[in-house]
Amino acid sequence: MPSEESPLIANEVSPVPPPLPSRSCHPRGLAVNEIPVRGYSCVSTATRDLWECLFNDGYRADVSINTEDGGIIYAHASILILLELNNPRVIIVIAVLVVISYEPAELQKYVLHLLVLSHAYVVPHLKRLCEWRLEHGLLTIENMIDTFQLALLCDAPRLSFICHRLILKNFIHISTTEGWKIMQQSHPMLEKEILESLRRKERARKLNEKKIYLQLYEAMEALVHICRDGCRTIGPHDKVLKVDQGPCNYESCKSLELLVRHFAGCKMRVPGGCIHCKRMWQLLELHSHLCADSDVCRVPLCRSIL
Numbered sequence: 001m002p003s004e005e006s007p008l009i010a011n012e013v014s015p016v017p018p019p020l021p022s023r024s025c026h027p028r029g030l031a032v033n034e035i036p037v038r039g040y041s042c043v044s045t046a047t048r049d050l051w052e053c054l055f056n057d058g059y060r061a062d063v064s065i066n067t068e069d070g071g072i073i074y075a076h077a078s079i080l081i082l083l084e085l086n087n088p089r090v091i092i093v094i095a096v097l098v099v100i101s102y103e104p105a106e107l108q109k110y111v112l113h114l115l116v117l118s119h120a121y122v123v124p125h126l127k128r129l130c131e132w133r134l135e136h137g138l139l140t141i142e143n144m145i146d147t148f149q150l151a152l153l154c155d156a157p158r159l160s161f162i163c164h165r166l167i168l169k170n171f172i173h174i175s176t177t178e179g180w181k182i183m184q185q186s187h188p189m190l191e192k193e194i195l196e197s198l199r200r201k202e203r204a205r206k207l208n209e210k211k212i213y214l215q216l217y218e219a220m221e222a223l224v225h226i227c228r229d230g231c232r233t234i235g236p237h238d239k240v241l242k243v244d245q246g247p248c249n250y251e252s253c254k255s256l257e258l259l260v261r262h263f264a265g266c267k268m269r270v271p272g273g274c275i276h277c278k279r280m281w282q283l284l285e286l287h288s289h290l291c292a293d294s295d296v297c298r299v300p301l302c303r304s305i306l
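Counted from 1, the sequence shown has number 255 at position 255 by UniProt numbering; the numbering is strictly sequential.
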């Protein structure tokens with residue numbers, strides 16, 4: 001018995017795809033200082049108003065939280081069932097969890113506590129918010145070490161990377177903070193890793209400087225070679241160049257030849273007028289300072305640049 005086929009399959013007709021979203025359609029999300037925070041779903045205004053009523057007005061609250069300063073916070077057991085309220089700092093956690101609204105000053109004061117609690121109780125949107133705030137303005141010299149250690153413990157790789165980079169950049173100031181002194185006693189291995197990273201950075205900086213000095217030295221030698229001996233298609237006006245001249249021994253000679261030709265014909269070759277001419281001026285000035293025999297030197301402007 002032949003099987004029945006779908007009309008779409010039989011006629012090889014593809015279904016009509018859904019329409020593309022219009023330009024006026026934007027994904028909804030949490031914006032911090034008009035910058036959207038990725039990975040967070042916003043709720044409707046009516047729902048947020050209801051949540052604010054639950055928290056601010058204590059609507060149908062069945063739990064009272066007595067703070068150290070004598071205040072009372074009304075909450076709900078269904079929300080607090082997993083929280084151990086033995087610290088007043090948890091109040092701001094309740095506010096953020098329930099109404100997703102907060103005072104900037106409170107968040108700045110308790111941002112590290114919020115980061116730990118949001119990681120411990122698995123509140124991803126709150127954790128991302130704390131990381132974003134720390135990355136964009138709340139990191140200071142004083143809290144850098146504490147934030148770095150918490151970022152490692154709370155599985156925040158981007159935040160730990162930013163802290164590590166800033167620690168190496170401002171190590172002189174950070175090494176005098178109380179957080180650094182405490183870390184030396186409590187986490188000596190972490191201190192050792194930071195110091196090793198600092199040494200690697202210093203070695204890389206010195207190698208880069210050595211590479212730059214070597215390139216400058218080769219450029220100086222190639223400049224003297226071109227102006228004194230000539231090289232293939234460029235050289236002093238009173239010297240006949242050899243057509244069958246072999247390859248040049250200076251690696252930077254070709255690029256320097258192009259730079260000299262540009263410098264000779266550029267109409268903006270005054271100092272600072274052209275970026276390529278500016279490089280040529282710098283080479284000529286550096287040569288004039290290093291040249292030991294300016295009287296017989298064939299490099300242009302050797303005796304003129306002081």
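Careful: at least some of the hints might be erroneous.
[What the hints assert, rightly or not] Below, in silico cross-link-like pairs of lysine to aspartate or glutamate (EDC-like), each with a Cα-Cα straight-line distance of 16 Å or less: (1) Lys-181 - Glu-221; (2) Lys-254 - Asp-229; (3) Lys-169 - Glu-202; (4) Lys-181 - Asp-146; (5) Lys-254 - Glu-221; (6) Lys-181 - Glu-191; (7) Lys-211 - Glu-251; (8) Lys-181 - Glu-142; (9) Lys-254 - Glu-202; (10) Lys-109 - Asp-146; (11) Lys-169 - Glu-196; (12) Lys-109 - Glu-142.
[Claimed, not checked] Simulated DEER-style distance windows between Cβ atoms: (13) Arg-200 - Cys-248: 29 to 39 Å; (14) Ser-294 - Phe-171: 38 to 48 Å; (15) Val-63 - Ala-204: 24 to 34 Å; (16) Ser-197 - Ala-46: 46 to 56 Å; (17) Arg-203 - Glu-285: 42 to 52 Å.
Calculated from the structure, these hints are not laboratory results. Beta carbons are placed, not taken as given, at the ideal position from N, Cα and C, and that holds for glycine.
Status of each hint after checking the structure:
no.	hint	in the structure
1	Lys-181 - Glu-221	violated, 50 Å
2	Lys-254 - Asp-229	holds, 15 Å
3	Lys-169 - Glu-202	holds, 11 Å
4	Lys-181 - Asp-146	holds, 11 Å
5	Lys-254 - Glu-221	holds, 13 Å
6	Lys-181 - Glu-191	holds, 10 Å
7	Lys-211 - Glu-251	holds, 14 Å
8	Lys-181 - Glu-142	holds, 11 Å
9	Lys-254 - Glu-202	violated, 33 Å
10	Lys-109 - Asp-146	holds, 14 Å
11	Lys-169 - Glu-196	holds, 14 Å
12	Lys-109 - Glu-142	holds, 13 Å
13	Arg-200 - Cys-248: 29 to 39 Å	holds, 37 Å
14	Ser-294 - Phe-171: 38 to 48 Å	holds, 44 Å
15	Val-63 - Ala-204: 24 to 34 Å	violated, 56 Å
16	Ser-197 - Ala-46: 46 to 56 Å	holds, 51 Å
17	Arg-203 - Glu-285: 42 to 52 Å	violated, 30 Å
Figure legend: structure checked against the earlier numbered hints; hints not met, in rising order: 1, 9, 15, 17.
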